[in-house]
Structures are given as structure tokens and as C-alpha cells.
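If you read the sequences in order, they're chains A and B. For the first sequence, full-length UniProt numbering begins at 1 and goes up steadily by one. For the second sequence, full-length UniProt numbering begins at 1 and goes up steadily by one.
What the hints contain is simulated information worked out from the structure, not anything from laboratory work. Note that beta-carbon positions come from the ideal geometry of N, C-alpha and C, so glycine has one too. Please note that the accuracy of each hint is not assured.
[Said to hold, decoys possible] Not close to chain A: a few residues of chain B, all C-beta gaps over 10 angstroms, as computed:
id: 1; residue: Asn45
id: 2; residue: Leu63
id: 3; residue: Gln84
id: 4; residue: Arg111
id: 5; residue: Leu121
id: 6; residue: Gly122
id: 7; residue: Ala128
id: 8; residue: Met145
id: 9; residue: Gln146
id: 10; residue: Thr148
[To be verified] Label pairs and their in silico Cβ distance ranges:
id: 11; chain 1: A; residue 1: Arg83; chain 2: B; residue 2: Gly12; range: 41 to 49 angstroms
id: 12; chain 1: A; residue 1: Val5; chain 2: B; residue 2: Arg19; range: 14 to 22 angstroms
id: 13; chain 1: B; residue 1: Ser7; chain 2: A; residue 2: Leu48; range: 31 to 39 angstroms
id: 14; chain 1: A; residue 1: Arg111; chain 2: B; residue 2: Arg113; range: 54 to 62 angstroms
Chain by chain, the residues:
2 protein chains.
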Amino acid sequence: MKAHVVSCPHCGAEVLKYRQPALTVDVIIHPQDAPGRVVLIRRRNPPLGWALPGGFVDEGESLERAAQREAKEETGLDLEDLRQFRAYSEPNRDPRRHTVTVVFSATGIGRARAADDAQDLGIFSLEALPQDMAFDHRRILEDYMQWTLRSVVPS
Amino acid sequence: MKAHVVSCPHCGAEVLKYRQPALTVDVIIHPQDAPGRVVLIRRRNPPLGWALPGGFVDEGESLERAAQREAKEETGLDLEDLRQFRAYSEPNRDPRRHTVTVVFSATGIGRARAADDAQDLGIFSLEALPQDMAFDHRRILEDYMQWTLRSVVPS
Numbered sequence: 001m002k003a004h005v006v007s008c009p010h011c012g013a014e015v016l017k018y019r020q021p022a023l024t025v026d027v028i029i030h031p032q033d034a035p036g037r038v039v040l041i042r043r044r045n046p047p048l049g050w051a052l053p054g055g056f057v058d059e060g061e062s063l064e065r066a067a068q069r070e071a072k073e074e075t076g077l078d079l080e081d082l083r084q085f086r087a088y089s090e091p092n093r094d095p096r097r098h099t100v101t102v103v104f105s106a107t108g109i110g111r112a113r114a115a116d117d118a119q120d121l122g123i124f125s126l127e128a129l130p131q132d133m134a135f136d137h138r139r140i141l142e143d144y145m146q147w148t149l150r151s152v153v154p155s
Numbered sequence: 001m002k003a004h005v006v007s008c009p010h011c012g013a014e015v016l017k018y019r020q021p022a023l024t025v026d027v028i029i030h031p032q033d034a035p036g037r038v039v040l041i042r043r044r045n046p047p048l049g050w051a052l053p054g055g056f057v058d059e060g061e062s063l064e065r066a067a068q069r070e071a072k073e074e075t076g077l078d079l080e081d082l083r084q085f086r087a088y089s090e091p092n093r094d095p096r097r098h099t100v101t102v103v104f105s106a107t108g109i110g111r112a113r114a115a116d117d118a119q120d121l122g123i124f125s126l127e128a129l130p131q132d133m134a135f136d137h138r139r140i141l142e143d144y145m146q147w148t149l150r151s152v153v154p155s
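The shape of chain A in the complex, shown without the other chains (with noise of 0.2 angstroms):
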């Protein structure tokens, strides 16, 4: 692993560490009574724009469980049926730092509001986004609309 030098904040000392990318799960969220739609949240902080509910994988926690852990937190809902599809990697897809995140699909039991980092909640056709999306997540929606209609797998 490529490592770098950190400034510890007390005495200034060097120290060596590995970095990584941050790992994250985003869900594709479908709302029981509307199979066909799929819920976003409007982001809080920045980047701002309309995304899937999804958090940073805690330490000594599966990423299904925290796919679970963020859907309730941002949106109320439980879920049913989850369901991996993939992860997205490009190091540029998240402009404050690498994340690398694992995408999954769910069916969202529940009544969905909007909660914790989520400022607004919305629920769309996947034939009818928003303009302002964040991360990489229209392409994420575009590429699983591939998946799900055509099983064409994303290269």
C-alpha cells in the first residue's frame, strides 16, 4: 500500500500511514407500494444535488448491515430484498476524497421521510430524474436501468 507522512496534532511528530480509499454503500431504494420508483435525498452538505441514501461502512460491519444502518437513517425505511449490484471505483467520483462504494437494491418498507444528512426526500421515476444529481449516482441509475431492463452489465 502506498503510504504517507501525517503530523500528529499534538506534538507535530511524523508518522507513516497507509492510505485507502473510504468505503461507502449507496441503496437503490424501491418503495413497496411503487415498484417501479426509487428514492433519493437532497444532500445537506455539500456536494449538494439529489442522491442515493448511502453512508461512509463502519468498522466490524457488514456492508449489507450498513446499507440497512444508512436507508433508516436517512430515510426511515427498512429493507426487504437486498440485493447487491455493484461497486463503483473511479477516484474522482467523489470530489472531497476517493470513496469507493458498494451499490445495492432493496425494496423500502415503511413511510419514507426525509432525516440525519438528508434535507429533502423525493421519490422518482427512474425514466425521470433530476436534473441535479451528485456523485456519479445518475450514471450508477442509468447503468442498473441497463441492468435491470436489458441485464446488460456494466463494463
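Could you slot chain B onto chain A? The hints should help.
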């Protein structure tokens, strides 16, 4: 994210740190001249046993580039037709610490030879894997067989 406290190795001061799983890639490599078989390496360092070629992802490196780099370093093979299979993230899958791996499949081009972290290299039939396999790599290959032979998606 969960935060925990680490100590500066120089002054001993306590620094808050967010902990995430480490991110790795592993590759199911089919040799070009033996497409029904798979390349495994015997690990030089604990946990010992046979394993898929792979390793840690660097910051600034996509998963696909990490897969190509690790395959080249450990087996000498270049990869073609690289495809994502699935991520594995159970916290106990690596006895050293929590690691999340994204597994790829690919065709291996060139002459395979053990190098770097690999003490030995073998080319195995999926139906006759070695007894002593490290991590959850036997389960990964069993899932992969189900998926390729019978299109069963792992749950």
C-alpha cells in the same frame, strides 16, 4: 462513522480516529489456455493456505486497476475481460482485521509464476480445490461456481 482513540507513537497523546474496514480486491483468474481452471497462490505470510491473488487497494486507484496490479505482482499475469463478481464483507472473514473484498473474474494472459506475497502458485480445477484455503476464498469460489454454472446469485 465510529470513532476510536489512538495514541501518537512519539508523544503518546490521544487522537480521535474514524475506523473503517480495509479494502481489498481478489481475482478469480482463468488461464487463457485452461479456461475451466483457476489460479491460486500459496500465501507466504499468515493466514497461511491457498488463496485468490489479491491485496489492498491504494487511495487514487480504481478497484479494476488494483486487481490488475495485484494479479501482475503475485502471478506475473496480465488480465483481460475483467468483470466484477461480488463483494464480501463479513467482519470475521480475515482473522487479522476487518477487510472488505471486491472479487473479480478475468482471463490471465502470459506465463503464471509465484512472486511477491505468493510462495507458490497452482492452477486448479474448480471441482478439485486444495484442502487448506485461507480466508473465505473457498466459499467465494463455491458461490462463483453456482453463479457461472447455474446463474444462482449468492444471497
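Here is what the structure says about each hint:
1. Every Cβ of chain A is farther than 10 angstroms from the Cβ of asparagine 45 of chain B; the closest lies at roughly 14 angstroms, confirming the non-interface assignment.
2. Listed as outside the interface, leucine 63 of chain B is inconsistent with that label: its C-beta sits roughly 4 angstroms from the nearest C-beta of chain A, within the 10 angstroms cut-off.
3. The Cβ of glutamine 84 of chain B does not lie farther than 10 angstroms from every Cβ of chain A; its closest approach is about 6 angstroms, which violates its non-interface assignment.
4. Residue placement check: arginine 111 of chain B keeps its beta carbon more than 10 angstroms from all beta carbons of chain A (closest about 27 angstroms).
5. Every Cβ of chain A is farther than 10 angstroms from the Cβ of leucine 121 of chain B; the closest lies at roughly 22 angstroms, confirming the non-interface assignment.
6. Distance check on glycine 122 of chain B: its Cβ is at least 26 angstroms (rounded) from any Cβ of chain A, clearing the 10 angstroms threshold; non-interface status holds.
7. The non-interface label for alanine 128 of chain B is consistent with chain A: the shortest C-beta to C-beta separation is roughly 28 angstroms, beyond 10 angstroms.
8. Against the 10 angstroms criterion, methionine 145 of chain B stays outside the reach of chain A, whose nearest CB is about 18 angstroms from its own CB.
9. Every CB of chain A lies more than 10 angstroms from the CB of glutamine 146 of chain B, the least distance being 15 angstroms, so the non-interface label holds.
10. At the 10 angstroms boundary, the C-beta of threonine 148 of chain B stays outside the reach of chain A, the nearest C-beta of that chain being 13 angstroms off.
11. Checked against the given bound of 41 to 49 angstroms, the beta carbons of arginine 83 of chain A and glycine 12 of chain B, roughly 47 angstroms apart, stay inside it.
12. The hint said 14 to 22 angstroms for the Cβ distance between valine 5 of chain A and arginine 19 of chain B, and at roughly 20 angstroms that hint holds.
13. For the hinted restraint 31 to 39 angstroms between serine 7 of chain B and leucine 48 of chain A, the CB-CB distance of approximately 37 angstroms keeps it satisfied.
14. In this structure the supplied range 54 to 62 angstroms holds for arginine 111 of chain A paired with arginine 113 of chain B, their Cβ-Cβ distance being about 59 angstroms.
The structure fails to meet hints 2, 3 from the earlier list, while all remaining hints are met.
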